[in-house]
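Everything in the sequence shown is counted per UniProt numbering, starting at 1 for the first residue and increasing by one.
Any given hint might turn out to be false.
Restraint ranges, calculated between C-beta atoms of paired labels, are given here [to be verified]: (1) M182 to E203: 33 to 41 Å; (2) P166 to P257: 24 to 32 Å; (3) I27 to A222: 27 to 35 Å; (4) Y258 to T51: 20 to 28 Å; (5) D149 to T51: 28 to 36 Å; (6) D147 to A60: 37 to 45 Å; (7) E280 to A226: 39 to 47 Å; (8) A119 to A60: 34 to 42 Å; (9) K53 to Q253: 18 to 26 Å; (10) S260 to E49: 35 to 43 Å; (11) D157 to E240: 49 to 57 Å; (12) T51 to T124: 31 to 39 Å; (13) F287 to T51: 45 to 53 Å.
The calculated DSSO-like cross-link candidates involving lysine-lysine, where the alpha carbons are at most 30 Å apart (straight line), are [to be verified]: (14) K183 to K267; (15) K63 to K292; (16) K53 to K7; (17) K292 to K62; (18) K167 to K292; (19) K63 to K7; (20) K176 to K292; (21) K63 to K53; (22) K267 to K53; (23) K183 to K167; (24) K7 to K267.
Think of the hints as simulated: they come from the structure by calculation, not from any bench. The structure displayed is predicted, hence computed values, not measured ones. Glycine residues also receive a C-beta, built at the ideal position from the N, C-alpha and C atoms.
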Amino acid sequence: MDLNALKMFVLAARSGSLSAAARQNNIPLPTLSRRIAELEHELNVVLLERTVKGCRATEAGKKLLNQTSSAIDILNDADHFLAIGDPHITGRLRLTIPQSLEPWWEIIRQFQRMYPSIAINVYTTERRVDLISEGIDVALRVGSVADDDIVARHLMDFRHILVASPKLFLNSSLPKEPTDLMKFPCAAWGSAIGSRPVWILGEHAYDVPTIFMVNDYLHLRAGVLAGDYITELPAFFAAEYIHNGELIEILPQTHLPYSSLHLVYKKHRYVSAAARAYIEFCTDNAFVLREKSRVPSDNENTHP
């Protein structure tokens, strides 16, 4: 039995799509279809039923899938283990990251320097993409991951902080209590038109009296540096500017909740050597982002 053809069948059966399986295997769709057809001919049985929406395993295909899936996964894991750290890994890597996550670009650049033969396509979006239908190998996600079909590799926890430019307080004192925020212009991150942002400060939730809302932290940072408003930013977006005096942390004794950062990929799906190398590299280098998140108030407060 042709093991490569068997791997292709397993990919197609798991994903329910020949084209998705071809993308995951980095081969043309006609090649994958031909190899699976040759496997069916060799076994003298129909393994996949083609449908309008994709494909599904026949009864014979389900039996073969159940008997061979674990073995195929073991072989893939062995390939990945041997390949990690090999600078000659080739292939194409399809990634998504949040569109504002500027510090992550340096990690991607370092990864590509280490693995120059891997071609990388990056799609920036705040939307949670469907990994299989959109052909994504690995996604970087902020927040909790509640999906039984997804493997989530936890990278770090981080917090958001309230910040403002000293320019905003030339004629007034800094806010001392959350209710003092009402006296100043505020801006917030928001993903839906008409939504009302809420800041969780300590044990209380406060409706934010925003003059501006956008789903782009880079734009929020530009405005706060200009002295236009108070806003909340992930610590790794603001720490450098706090240390050089361009920004002040507002209400440092009152923390906003922590968020988490994960790499996610589909469970029960072939993970290429390139994707596995990326996952391991990011796990090993997430400390760079943690270092960029350090602000003076970290010495007074600790992660619970």
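Do the hints match the structure? See the list:
1. For M182 and E203, the Cβ-Cβ distance of about 19 Å falls outside the hinted range of 33 to 41 Å, so the restraint is violated.
2. At about 26 Å, the CB distance of P166 to P257 agrees with the hint of 24 to 32 Å.
3. Against the hinted window of 27 to 35 Å, the Cβ-Cβ separation of I27 and A222 comes to about 44 Å, which falls outside the hint.
4. For the pair Y258 and T51, the beta carbons lie near 44 Å from each other, so the given range of 20 to 28 Å is not met.
5. Take D149 and T51: their Cβ atoms lie about 20 Å apart, and the range 28 to 36 Å is violated.
6. A C-beta distance of roughly 30 Å is found between D147 and A60, which places it outside the suggested range of 37 to 45 Å.
7. Taking 39 to 47 Å as the suggested C-beta distance range, the pair E280 and A226 conforms, at roughly 40 Å.
8. Taking 34 to 42 Å as the suggested C-beta distance range, the pair A119 and A60 conforms, at roughly 37 Å.
9. At about 55 Å, the CB distance of K53 to Q253 disagrees with the hint of 18 to 26 Å.
10. For S260 and E49, the hinted distance range of 35 to 43 Å is satisfied, since their beta carbons lie about 40 Å from each other.
11. For the pair D157 and E240, the beta carbons lie near 20 Å from each other, so the given range of 49 to 57 Å is not met.
12. Distance hint for T51 and T124: a CB-CB separation of about 33 Å, consistent with the stated range 31 to 39 Å.
13. The hinted window of 45 to 53 Å between F287 and T51 holds, with their beta carbons roughly 46 Å apart.
14. Restraint check for K183 and K267: not satisfied, since their Cα atoms lie roughly 49 Å apart, outside the 30 Å limit.
15. Taking the CA atoms of K63 and K292, the gap is near 51 Å; set against the 30 Å cutoff, the hint is violated.
16. Only pairs whose Cα atoms come within 30 Å are accepted, and K53 paired with K7 is accepted, the gap being roughly 21 Å.
17. Only pairs whose Cα atoms come within 30 Å are accepted, and K292 paired with K62 is rejected, the gap being roughly 49 Å.
18. For a cut-off of 30 Å, the pair hint linking K167 to K292 stands: about 24 Å separates their Cα positions.
19. Between K63 and K7, the direct Cα distance comes to roughly 15 Å. Compliance with the 30 Å bound is thereby established for this hinted pair.
20. With a CA separation close to 26 Å, the supplied pair K176 and K292 stays within the 30 Å bound.
21. Proposed proximity of K63 and K53 is supported: the alpha carbons are some 22 Å apart, at most 30 Å.
22. Distance hint between K267 and K53 is fulfilled; the C-alpha atoms sit about 21 Å from each other, no more than 30 Å.
23. Between K183 and K167 the CA atoms are separated by roughly 15 Å; this keeps the pair inside 30 Å, and the hint holds.
24. Taking the CA atoms of K7 and K267, the gap is about 15 Å. The hint holds against a cut of 30 Å.
Checked against the numbered hints above, the structure violates hints 1, 3, 4, 5, 6, 9, 11, 14, 15, 17; every other hint is satisfied.
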